[in-house]
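Using the hints, position chain P against chain A.
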Amino acid sequence: MSDATQLPTIAVRLPDLMRYRGIMNGIIGIGLLMALWWVGGWAVANNDDLFAFADFAPAPTLARLWEMILSGDVLGMSGPSLMRVGLGLLYAMIIGVPVGIVIGRMKRVNEVANVPFQFLRMISPLAWMPIAVMAFDTWDGAIIFLITMAAVWPILFSTASGLRRIDPAWLKVARNLGANPAHMLFMVILPAIAVDILSGIRLALGVAWVVLVPAEYLGVTSGLGYAINDARDTLDYASLGATVVIIGVIGFTLDYLCMLAIKKFNWVREDH
Amino acid sequence: MALTDYSPSSTDQAVEQAQVRSAIRPSGSHVAVMGLSHTYRKRDGQVLENFDFEIRPGEVVALLGRSGCGKSTLLHMLSGLTLPSEGEVVINGNRVKEPSPRWVMMFQAPSLYPWMSVAQNAALGLRFSRRADEIKTRIPEVLDLVDLGAFADRNAQELSGGQQQRVALARSLATNPEMLLLDEPFSALDAFTRRSLQQDVRQIAKRLGITLVLVTHDVGEAVRMADRVLVLEANPGRIAKDTMIPLCEDDRSGSDAFQKEHARLMSLYAQVADMPGAPDETDFTQL
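From first to last, the protein sequence lines stand for chains A and P.
Here the first sequence stands for residues 1 to 272, numbered as in our numbering.
Here the second sequence stands for residues 1 to 287, numbered as in our numbering.
It is worth saying that the hints were derived from the structure and are not from the lab.
Remember, predicted model here, so these are calculated numbers, not experimental data.
Quick reminder that beta carbons are idealized off the backbone N, C-alpha and C, glycines included.
Please note: incorrect hints may appear among the correct ones.
Quick list of simulated restraints, FRET-style, between CB atoms [to be verified]:
1) Thr137/P - Ala261/A: 33 to 41 angstroms
2) Arg130/P - Gly219/A: 50 to 58 angstroms
3) Thr221/A - Glu158/P: 51 to 59 angstroms
4) Arg130/P - Met24/A: 37 to 45 angstroms
5) Asp133/P - Trp267/A: 20 to 28 angstroms
From the derived model, a few chain P residues whose C-beta atoms are all more than 12 angstroms from chain A [claimed, not checked]:
6) Arg41
7) Ser85
8) Phe107
9) Leu112
10) Gly125
11) Asp133
12) Ala150
13) Arg171
14) Leu208
15) Asn235
16) Lys241
17) Gln271
18) Val272
Okay, chain A solo, but in the shape it has when bound (with noise of 0.2 angstroms):
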């Protein structure tokens, strides 16, 4: 404390340094891929075999950001993606939460569902489009049914880890409190493992979203997979462009409210 009464200049801009440090950082990264993006166009302007590639570069693919922001195309895009990764994310919670609760919860169910359910989740999500494609009527009905494909298994899976973990001693108090079974899930179990939850879906929502630009490929014409198909076809490489920096700027925002949520229901203090 006597450096501070010393120095005051510098314990009062060394917190407020501290307080920006990660915004900054956050900035010089996006700097340092935007000027590698800029080489990497200007690289390809420059090549001969490849120079028809041009629109790739920061310039026109941002102006062609600006147009299509302006014109609606962004939303017009989004929306139908959105729409199916979160109706897929809402059947993998369906399905993954009360499942991951039966196998963390019960020895001999996980025992005899670890096999298939580990053999199942090895196979890509993408493995199960001629499947899907016959047996759902509709074009959405088979994405979304292979983003839930997807995005089950880190929400089971942690759900079930999250679960293990539980305290015995919580459920024993709340036996010998006079706890019903529904008490028991939705007082104690769901509570306690709410962040594990979260960070399944979040998980799943990395993976969800990453399935569907190749999932939006197939037929549909709508959704963010059916532009970047429609730009290539096209040939029109700065709206290809542009398409790829909303897909990452969505992907990045929804991860990030995954993140703030897991703060917000976190309940494990790192000081103790």
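Using the frame of chain A, we list chain P on its own:
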């Protein structure tokens, strides 16, 4: 000791009539343990052999014994969390088949829910037994009782070990139980915190008239808290001595009379535990 000819009806009717007469506050449970034996499913040999005893309403009884004598198992059976393989536990004339908010167990770890505030933790029993309407009045009351009135809105994790155990005590008392069952609840605390909780818990139990059964391996704790001590021996677990602790409240914080009782119980315990002249296995600062 033999209570095999015990008939629950007459005694318990008397007890219940007495409760009705003194209906100012709920009085303690009457406990009768009859022909209780227990064997763990997967292990050989009996853990508990032929227990017969009775606990009067409002009495503070310590089950004293070394680890492995089954004292904790016995407590679990009084609470209904474990059922005995033979015999029965009868509380106020009713056979115990499952846990009930009328008798509450406290464990070595406070096991508070870290996602809840102190007040929410204390209110759990009332919520579980669908008495949420009492929370508003009852919770400040019990938190004051354990000297944590000012901590109601704090997160349970911010409290010290002793304070957390006080919250667990408040949680146990919130439903107005007739009996508290303590399973070495203070053994994880430092000596000073433990001492003040021992005194407070006894005083609270006496003030509310509730029955208190505690499991301990600490002779000092038994002398400080109990009206009566059952010294258990191990392999198989059974009651070796049943002795009263005739101390008045003032003597329990440590006087000559306390020292004498402590020495007497110590030698009884050493005799039962088959460790001649063994010193208190916890610490001497307790004396």
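Tell me if the beta carbons of Thr221/A and Glu158/P are separated by a distance inside 51 to 59 angstroms.
56 angstroms, holds
Assertion that Lys241/P lies outside the chain A interface [Cβ separation over 12 angstroms]:
29 angstroms, holds
Beyond 12 angstroms from chain A, beta-carbon-wise, is Phe107/P?
Check fails; 6 angstroms does not lie beyond 12 angstroms.
Non-interface claim for Gln271/P versus chain A (Cβ beyond 12 angstroms):
The claim stands: Gln271/P keeps its Cβ more than 12 angstroms from every Cβ of chain A (closest is about 34 angstroms).
Hint check for Gly219/A and Arg130/P - Cβ pair distance inside 50 to 58 angstroms
53 angstroms, holds
Please test the hint of 20 to 28 angstroms on the beta carbon pair from Asp133/P and Trp267/A.
Because 27 angstroms falls inside the window, the suggested range holds.
Closest CB of chain A to the CB of Arg171/P still more than 12 angstroms away:
Check fails; 7 angstroms does not lie beyond 12 angstroms.
Is it the case that Arg41/P keeps its Cβ farther than 12 angstroms from each residue Cβ in chain A?
For Arg41/P, whose nearest Cβ neighbour in chain A is about 16 angstroms away, the distance exceeds 12 angstroms, so it holds.
Does Gly125/P really sit off the interface, with its C-beta more than 12 angstroms from all C-beta atoms of chain A?
Not fine: 4 angstroms to the nearest Cβ puts Gly125/P too close to chain A.
Compute the least Cβ-Cβ separation between Ala150/P and chain A, then decide whether it is above 12 angstroms.
20 angstroms, holds
Quick check for students: does the CB of Asn235/P sit more than 12 angstroms from each CB in chain A?
26 angstroms, holds
Please verify that the nearest CB of chain A lies beyond 12 angstroms from Ser85/P's CB.
20 angstroms, holds
Checked against the numbered hints given earlier, this structure breaks hints 4, 8, 9, 10 and 13; the rest are met.
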